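Chemist: First to last, the sequence lines map onto chains L and W. Under the working numbering, think of the first position of the first sequence as 301, with each following residue one higher. Under the working numbering, think of the first position of the second sequence as 9, with each following residue one higher.
To be clear, the hints were calculated from the coordinates, so they are not data collected in a lab. Remember, predicted model here, so these are calculated numbers, not experimental data. Please note that a few of the clues may not be correct.
[Unchecked claim] Simulated coverage check for chain L against chain W, where a stretch passes if three residues somewhere in it have a Cβ under 8 Å from a Cβ of chain W:
id: 1; stretch: 332–342
id: 2; stretch: 402–413
id: 3; stretch: 426–439
Backbone N, C-alpha and C define an ideal beta-carbon position, used for all residues, glycine too.
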Amino acid sequence: MSKEEKKVNRRDFLFTASYTVGAVGVGAVIWPMIDQMNPDKAQQALATTEVDISNIQPGKSITVLWRGKPVFLKRRTQEEIAEARSVKMDDLPDPQKDEDRVKEGKDEWLVMLGVCTHLGCVPLKDKGDYNGWFCPCHGSHYDVSGRIRKGPAPTNMEIPKFEFVDSNTIKIG
Amino acid sequence: MSEHEYTPKSKAGKWFNDRLPLLTLGAHLTDYPTPKNLNYWWTFGGILTFCLITQIVTGIVLAMHYVAHADLAFASVEHIMRDVNYGWLIRYIHSNGASMFFLAVYIHIFRSLFYGSYKSPREVIWIIGLMIYLLMMAAAFMGYVLPWGQMSFWGATVITNLFSAIPLVGESITTWLWGAYSVDNPTLNRFFSLHYLIPFLILGLVVLHIWALHVPGNNNPVGIDIKKPSKDTVPFHPYITIKDAFALLVFMIIFAGFVFFTPNVLGHSDNYIPANPLVTPAHIVPEWYLLPFYAILRSVPDKLGGVILMFSAIFILFVLPWLDTSKVRSAVFRPIYRQFFWILVIDVLMLGYVGAMPAEGIYLVLARVGTVYYFLHFIVVMPVVGYLEKTDPIPMSISEPVLAGGAEPSVARKVNDKV
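Using the sequences provided together with the hints, build the complete structure.
Modeler: Quick look at the structure:
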C-alpha cells in the first residue's frame, strides 16, 4: 500500500461515524429492554410500612412484611442487651457494635431484615449457638444483636431505615 | 455426508427439491453412515430428543390452564390437577419428564466422558451440548418456581441470591432479576416468560448439535476414526432408528412407571404448601439433578467462594477437550483413565447424596472431599494420566476385532502408529 492510501480518508470517517451512531442507537434500544426488569412504580410504592408495637412484651418479637421481605422487631430484655454488648469485636466476622444497630435511647428495640445474608432464607428465632437466630438453609448462626457469628453468611443481618413515629409506632422504610 | 448426490424420483419432488432441498436433507438423515458397533449408551441422543419434544408439547398444553400470578399460580396448578381433563396426567408427565430428561442427559454426558466423544474433532459438539445442559438447568429451575409452592419460592430466593455474591453490583443484579425487593409476582411472571422461551432455544441448539455431529460423524465404542461409508458403517435408517426405538420404549416404561405409580417421589412435599415469604422450610433442597452442584456450593464456608466454585464445576467442562491430553479416545483402551472415570462417577453420585443431607458433620467432610476430587479429576488426573498412561493396542478398524474375535496383534496397532 502506498502512503496516500493509508491516510484517513472520507470513507474511513463515514465508517467510524456510522458505527458510532449505530452503537448509540442499539444501546438506546437495549437499555429500556433491560431496565424494564427493574422494580416498577407499583413495587416502589410499597416502600414504607407502619407497625404498631404497643403489644410486644420484653423478650418477644414479631415479624412483619416490608417490600416482600420479613422484618424482625424484637423488644429485648436488659440481659439480652447486656449480652449483646459484652461481645468482643474480635469475635465478630463483621464487627459492628450493638449500639450502632439500634436507635439511641430505644436500645430495647432491634429492628432488622429477617433475611439471612447468605442466600436469603428467613432465620429461625431463639435458635443457634449464640442465643439469637439460626438459618436452617446453610447453617448460619446470628447472635442476639443479629450479628453473624458462625456459618457461610458474610455480613450481619441488615438494619433497614426506620424511625419511631411515636412511642407505639415504628415506620420502616 | 452421503457420497452420492440425491435426486428425487418424482417430477414434483424434483421440482420442490430444486427450490428447497428438504428431500436431500431427508435422504442424508436416512442414509447417514453410522458406526456399526454403537451400543445402547448411544441411544440417549434419540431419547433426549423425545424428552425435549415431550416437555414442549406438555408444556404448551399446561400453559393453556396455568396462571402466572403470585395470587393465582398455586390454585391454577391445583385446578390443573383436579379439574382439567387429564390435567393430572399432563402435569405429572411434565414434572417427571424434567427428571427423566436430566437422567438421560447425565447418561449421555458420562457416555461422552467414557468414550472420549468430546475430543478432537468433536469439541464443538461437546460445547454446544454443554450449552444445552446449562439452558436445561435454567429451564428446570424456572419451571420449578411456577407452581409457587414453598420450595418454589425458597428455591427461587436461594438461587437468585447466588448472584448477590458478586462484588459491588451483586445486589443490583438480584433486584433486577426479581423486579421487586424480594422474590415476588414480577419474578414469577418473568420466569414463566423465560421458561416458555428456553425450550425453543434448546431446540435450536439441538439442531446445531446434530449438524456439528454430522460433520465428523459419530464416535463409537472403539473410538477410532472410520471411513464413511464403509464396511464399518450402516445406514442410520433402519439400523439405528430401530435400535433407538427399542431403547426409547424401555425408557418410556421407566418414565411411565414414575408417572403412574410414584409421580411425586422425585419432588418435595413442601411444594404442596403455598409460598409463604415469612417462613423458610426447615430442610431446603433443590431437585435431585442439581444436588451435586448444591453440595459443592455448601462445601465452601464462604459465600462468594462457594458460588464461584459451583459455577466453576460446570464451566470447567467447557475446556475438557483441552485438559485431556490422551490421543486415545475410548476408555476401553485406557486402563488407568478407566478407573479414574469410575471414581468420578462415584464421586458425583456421592456429592449428590450429601447435597440432599444437612450441611454438617460427616456430610460436610464428604462434600469437601468430593469437591476437591471433582476438580482434581479434571485439572490434574486428566492431563497427567493422558500423558503418562500406557494405553492398550487399538484395533485397525471396527470390523477386524469382531471378525478376528478380539484385539489380536495381527489386527491391532500401537497408539504411536496411529497418531
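Chemist: Each of the hints needs a verdict: does it hold here or not?
Modeler: Verification of the supplied hints:
1. 332–342: It holds, with 5 qualifying residues against the three required.
2. 402–413: violated (count 0)
3. 426–439: holds (count 5)
Of the hints listed earlier, the one the structure fails to meet is number 2.
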